[in-house]
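Asks: Given chain A's structure and the hints, the job is docking chain G onto it.
Below, each chain spelled out in residue letters.
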Amino acid sequence: MKQYFKYIAILALGIVSCEPEFDNPVDEAGAYSNGEADFSRYVALGNSLTAGYADNALYITGQENSYPNILAQQFDKTQDIEDFTIPFMSDNAGGLLAGGNQITNNRLVLSVVNGDTLPRVYTGMQPTTEVGNVQQGPFSNMGVPGAKSYHLGAAGYGNVQGIAVGTANPYFARFASAPNASVMEDALAQDPTFFSLWIGNNDVLGYARTGGTGVYQLNNLQPSTYADNDITDPNVFASVYSEMVQALAANASGGVLINIPDVASVPFFTRVPVNAIPLDAQTAAALNQQFSAYNTQVLPGLVQAGFITAEEAQSRQINFAEGQNYVTLQDESLTNIGQAIQGAPFNLDPQNAGLLSQLRQATPTDLIPLTSSGILGTPVGDNPNMINGVSVPLGDEHVLTNAEQELIRDATTRYNQVISGLAEANGLAFVDANAMLNKLATDGISFDGGFVTSDFVTGGAFSLDGIHLTPRGNAIVSNRIIDAINTTYNADVPKVNVGAYGTVTYNNEVQ
Amino acid sequence: MRKLLFLGLFGLMAAVTYAGGYRVSLQGQRSLAMGHTGVAVVNNAELAFFNPAGLVYLENKINVAAGASAVFSNVKYQNSEFGISSETDSPVGTPFYAYGSYRVNDWLTLGLAAYTPYGSSVEWPTDWAGSHLVNNIDLQAIYIQALASVKISDKLSVGGGPIYVNGSVNFNRNLNRTLTDLNGNRSNVTVDASGVSAFGWSASAMYNATEDLRFGINYRSEIMVEAEGGDATFQNVPNSPLTPFQDTQFDAALPMPAELSVGLSYELLDKWLFAFDYNMTYWDVYESLDIDFANATPDSNNPRNYKNSSSYRFGLQYFANETVTLRVGYYFDESPVQSGYFAPETPRNDAHGFTGGLSLHVSDRFSIDAAFLYNRYEEVDESYNYYTENGETVPFEGTYKTSAFIPGLGVTYKL
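Just so you know, the sequences run in chain order A and G. Residue numbers for the first sequence follow the UniProt record's numbering, so the first one is 1 and each next one is one higher. Residue numbers for the second sequence follow the UniProt record's numbering, so the first one is 1 and each next one is one higher.
Don't read these hints as lab results, they were simulated from the structure. Just so you know, not all the hints are guaranteed correct.
Said to hold, decoys possible - Derived lysine to aspartate or glutamate pairs resembling DMTMM-like cross-links, with alpha carbons at most 25 angstroms apart:
1) G:Lys307 <-> G:Asp364
2) A:Lys495 <-> A:Glu406
3) A:Lys439 <-> G:Glu81
4) A:Lys495 <-> G:Asp127
5) A:Lys439 <-> A:Glu406
6) A:Lys495 <-> G:Glu226
In isolation and in its complexed conformation, chain A is listed as follows (with noise of 0.2 angstroms):
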């Protein structure tokens, strides 16, 4: 009888331990593979793309779902890692605070108030990051929001005493080694094993989102001499990048280099439509006769007298008509003709020669940045008669025009030359996120739920700024940064579920 029981409890205690298993566990080594790369310390450079900023600011779960903490979680299902350490912020309120006041706007969240729903600033909590509450790291994740490409080798970039007066980043200055180090130095000093480098995005973005007010420093060697909204020259770019390069790949087992998007395929620049002015007819007429002695008398005129070619001429007609009307701006390219159509035979009063200085209406090919959509059509100083972008031209700072388009597609495509010829010289994978944004903004790329598209707000790529990624956004990044590390690399690393990845986030507490 004992030997029974003895059987059934031996019985027992076997099959109890007895757990499901799977022929081939995806959890066990061996169900994937790094192949060539060793990914066991992943370090990540760049902006604040690579940081995971979004909505406008910096905050946790942006950086949680960041594409390098994305792909970190995919390296670690084919080889040991060692941890993918972030300087995390302190809330998700996301804005900073330097000696206690706050030097950066919380994040944007969506809201509906009085029936409209649009980005808007999150109130719901002070924020709680002080820039002077040093992180110590070192940290995988170096990307900087704020970063241009010559800014990650520059020592003191991460130094407090700097932040006030622009010479370092308070990003960075969170979690910098010592006061003058540099990102690179910091980066270096991890010897990752493997990189990753997305830079340059804000050597054009800062001009751009700026409306193109800055200069593009074609053959100023000099970045020091740079004003934050100008355009980067090529050859500081390609210096600069391929010293970091090369830095980074002599000691790792591979990395990866990801290309810069063109700015007119986020939502920032195409959100606001340029022919964004409604008239009745009536307005319309009525707008066209105030203009009527500038298109058939003012610019026939100078274009007689030699000051303006036939052509400029056609191209600074302003005309209206029913329905949705282009808004009307400065161009800074435009012969400035304040001077002259204040003397004869014109005889214009200073204000209204100012106005029509140099004025056109915009074109299809003109750009409005997000953040100017809330001066188009208001009064200036309640006058009726002087509407922004109708009456009163737009100044240079709120419409990036195809002339500055043309810079920052001259800077970017140069940029995007020395990053694939250094991937290519190299042995790097390459990624083309300018490619990527632009599928986005035209097929839209699918996923298990639909479509992720550059539609603000809706389309589930861009966050709520325009600029920076969603974390669903960040996964499909993170999607093509591993196709092109498993072909270069001969890897298997596994892909993420797209549809897994939230969009953008919802909440009232704003004022």
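Replies: Below, chain G without anything else, positioned relative to chain A:
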């Protein structure tokens, strides 16, 4: 003797499962040890469940059988495309039974029964890949039944009685695949209802063709457990008019499907008893799990589209000696879940059940009944294709593997 035991063990090692859908076939240790057969077996008070008509053939005036099982069951999920894997950490289920019969006179026996034929307890890691379908579920139903067993002749008897059901459900899942509050906590809903009552019945007949050969048939009616005014609690919902989810009440109905059993038993050389049962469970009644919320929250409709399923059960009993009776069994349990409807709250595919057990007759009146069940499920690539997001159907795909080991103990008392 020892050989036989090893044979039993070997059988056990080879394979088992305990029931399709949320049917939990553990209604008696003696029956379970014989592959959960019993519609044509006259053994002890377990007849109250398997075939109340047979109660009248029990030799003693008073018969009692009671017991419980411990369900150790876990499910693994993985998706090799994305390298995702999860495993349930389900609490140990403890289905039980208690039966009693009293012979009033030569042709009438009355009985009382309490048992738990339906239930489910599945706990996935919170926010796992399928959390938009289920995070965890705990479904319980206790059947309480009054019985009468009437002998029409020495060969034929009939039985049955009304069933009262008391049920409860607690179910949590995320609202969709991505919605979170500002801090990234996934928005989810818990529906909870308890003390839900419903009624049904069972009826059966037993026919003793010869001294050694019996036939039995038992039918238990469908019972629709309708939760009305249960509590729906929403957690981590964004503070926004765009996500107007507020705590509310809900109505939902869950069927406890009807089951028909037919079978036979044959006694051989006084020492051996062979039993065969066929069960048909009328799962086709489970078309959809619909949760109707009382307020403006959109109702949740989850197609299930189960099909009727069969089980084939075989059992063998050996009267070893005065004190020991040994039993082994096997069954094949067909899953009611159709391909494409494989939802992770009841991740069941076809199962092979291997059973074994014994009774120790401590005295003339008192026995201890032990049984164990090992369910073997094949690894299965399946998907649930009826989840929708923004009007798009989003399948939830992957590979599942289930294991279940269920030891149980019971007692039999007769007077």
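Asks: Going through the earlier hints one by one, which of them does the structure break, listed in rising order?
Replies: Of the numbered hints given earlier, those the structure breaks are 1, 2 and 6, listed in rising order.
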